[in-house]
Amino acid sequence: MINLSFQKHLKTTDGSFELSIDLDIPKGTFVTLYGHSGAGKTSFLRILAGLLVPDKGSILVNEIPWYHSEKKINLSPQKRNIGYVFQDYALFPNMTVKENLKFAQRKGQTKDLIPELMEVMELSKLENRTPDTLSGGQKQRAALARALVQQPDILLLDEPLAALDAQISTKLQDYILKAHKDYGLTTILVSHDLGEIIKLTDTVIVMDQGRITKAGVPQDIFMNRQLSGKFQFTGTILSIKKQDVIYVVTVLIYNTIIKVVADASEIQDLRNGDSVVVASKAFNPVIYKVTDGS
Amino acid sequence: MNWEPLLLTFELALTTTIALFVVSIPLAYWLSKTNSRVKPIIETLVSMPLVLPPTVLGFYFLVAFSPNNAFGEWLNSWLGLQLVFSFGGLVVASMIYSLPFMVQPIQAGLSSLPSSLSEAAAVMGKSRNITLLKVLLPNIKKSLLTGIVLAFAHTVGEFGVVLMIGGNIPGKTRVASIAIYDEVEALNYEAANFYSLTLFAITFAMLLLVYLINGGYLKRFWK
Numbered sequence: 225m226i227n228l229s230f231q232k233h234l235k236t237t238d239g240s241f242e243l244s245i246d247l248d249i250p251k252g253t254f255v256t257l258y259g260h261s262g263a264g265k266t267s268f269l270r271i272l273a274g275l276l277v278p279d280k281g282s283i284l285v286n287e288i289p290w291y292h293s294e295k296k297i298n299l300s301p302q303k304r305n306i307g308y309v310f311q312d313y314a315l316f317p318n319m320t321v322k323e324n325l326k327f328a329q330r331k332g333q334t335k336d337l338i339p340e341l342m343e344v345m346e347l348s349k350l351e352n353r354t355p356d357t358l359s360g361g362q363k364q365r366a367a368l369a370r371a372l373v374q375q376p377d378i379l380l381l382d383e384p385l386a387a388l389d390a391q392i393s394t395k396l397q398d399y400i401l402k403a404h405k406d407y408g409l410t411t412i413l414v415s416h417d418l419g420e421i422i423k424l425t426d427t428v429i430v431m432d433q434g435r436i437t438k439a440g441v442p443q444d445i446f447m448n449r450q451l452s453g454k455f456q457f458t459g460t461i462l463s464i465k466k467q468d469v470i471y472v473v474t475v476l477i478y479n480t481i482i483k484v485v486a487d488a489s490e491i492q493d494l495r496n497g498d499s500v501v502v503a504s505k506a507f508n509p510v511i512y513k514v515t516d517g518s
Numbered sequence: 002m003n004w005e006p007l008l009l010t011f012e013l014a015l016t017t018t019i020a021l022f023v024v025s026i027p028l029a030y031w032l033s034k035t036n037s038r039v040k041p042i043i044e045t046l047v048s049m050p051l052v053l054p055p056t057v058l059g060f061y062f063l064v065a066f067s068p069n070n071a072f073g074e075w076l077n078s079w080l081g082l083q084l085v086f087s088f089g090g091l092v093v094a095s096m097i098y099s100l101p102f103m104v105q106p107i108q109a110g111l112s113s114l115p116s117s118l119s120e121a122a123a124v125m126g127k128s129r130n131i132t133l134l135k136v137l138l139p140n141i142k143k144s145l146l147t148g149i150v151l152a153f154a155h156t157v158g159e160f161g162v163v164l165m166i167g168g169n170i171p172g173k174t175r176v177a178s179i180a181i182y183d184e185v186e187a188l189n190y191e192a193a194n195f196y197s198l199t200l201f202a203i204t205f206a207m208l209l210l211v212y213l214i215n216g217g218y219l220k221r222f223w224k
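Chains as they are written, first to last, in our numbering: chain V, 225 to 518; chain D, 2 to 224.
These aren't lab readings, by the way, just hints derived from the structure by calculation.
Quick reminder that beta carbons are idealized off the backbone N, C-alpha and C, glycines included.
Heads up, a few of these hints could be off.
Partial selection, computed: residues in chain V whose CB lies under 7 Å from chain D [what the hints assert, rightly or not]:
no.	residue
1	273
2	275
3	301
4	302
5	306
6	308
7	310
8	312
9	314
10	316
11	318
12	322
Whole structure, please, built from the sequences with the hints as guidance.
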């Protein structure tokens, strides 16, 4: 169990705000932080990892204080057992993939997870390559494997899939989910991708201006509950065009572009770039094969 | 030909560079990390030798190290150090004189690394020293090489500081740049030309090597 209750004054380019978090995360949960950039999501992760010190409050992990402003406790990042996948992956350029993983091993660690992780993350062929020769997806896998070497209790993922194309990120989501389950992790992910959140997450925390505005199961937060859709997808609006009396809304769902017809009242609060759910109620969707899967 | 001044020059440059390397790494690391209020002052002091005439530095060293005043007296009686007109004094003065040439490239190199590298090492439980040695320094090899070569070459080329604090004692403080001046004064152009040409060739070769390595020309050639 992680009990968080802290405040931190943050300065950004658009002024400053107070990051104020009050949250309990049960062990083994997969939590996603969702919100606009500059909402304080990365600062949240950095405070939990000990890379940023809050102004006041407390962080308890399994009843052990990692930070306590009144008792003047602040565990250094070195003493908190956390796996952190940075947005830029932070692989060490002077080391090969294998050396990166080895470096992450803790002193006196009995179980050597490296061979297993190399295998699971499909890194065996890349073990002697340096990070600058890897593709985005390969770097991400190496960074994820490296974060797991020290057998962390908590895994923090800062938008690790943002820079990858849809096909690769789908596969990496599977890796993350597998690692989360296999190693009994408590995972906290920062993500903007609704599909990713719905696929991976137990609980989603919506943040705005440093505060938690909503928390709950992704389905409840993102899907319109009045809509008992037979099938539904989330996507992003690319354009809204008027055609005679109706509007055609172009929506990007994963890597597919879909056109949806809407009337004037429906498009009223829709803008380009909004995240939307495209759902169908009345019709049975048709399914047919395009190519063989394997 | 008398090789002594040339050998002395390179001995001085080598000693200075090694000592400076050891001192500059922690200093550059601190400068690249700190948010301290005294940082601009320290940075200014480190850079001062770039703009001050070497004679100013030499003059104050001479005054400070002189056994006739408190600091020089203390050095002499407690540590047995006689820094005026001695090789040891030349090393100390050269270190200050070449400090910016070593510190600035290393500091720039360390600042250019993303902070996530040291943060990643920290969450893996690695201490600052291990992170510096195993992660940060190996990723700024070019900057280290630049610092080493510039500090070395700059020490080879110093004149004013050496003249002020070291004087012109053969075998002790008479480095090549002083010897050249001396030989010219004595109208001994042949000897002056010998020292000058040697210095010219060696410093050219060293700087060329840096540009070749840091520009990746050698790698291309080997492949």
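Results of checking the hints against the structure:
1. 273: Check passed: Cβ of residue 273(V) comes within 5 Å of chain D, closer than 7 Å.
2. 275: With a minimum Cβ separation of about 5 Å from chain D (threshold 7 Å), the hint on residue 275(V) holds.
3. 301: Status holds, d = 4 Å.
4. 302: 5 Å, holds
5. 306: At about 5 Å, which falls below the 7 Å cut-off, the nearest Cβ of chain D leaves the hint on residue 306(V) intact, so it holds.
6. 308: 5 Å, holds
7. 310: Holds. Min distance 4 Å.
8. 312: Hint holds; residue 312(V) Cβ to chain D Cβ min 6 Å, cut 7 Å.
9. 314: The hint holds - residue 314(V) has a Cβ within 7 Å of chain D, the shortest such distance being about 4 Å.
10. 316: At 5 Å from the nearest chain D Cβ, residue 316(V) passes the 7 Å test, so the hint holds.
11. 318: For residue 318(V), the interface hint holds, since the closest Cβ of chain D sits about 4 Å away, which is under 7 Å.
12. 322: 15 Å, violated
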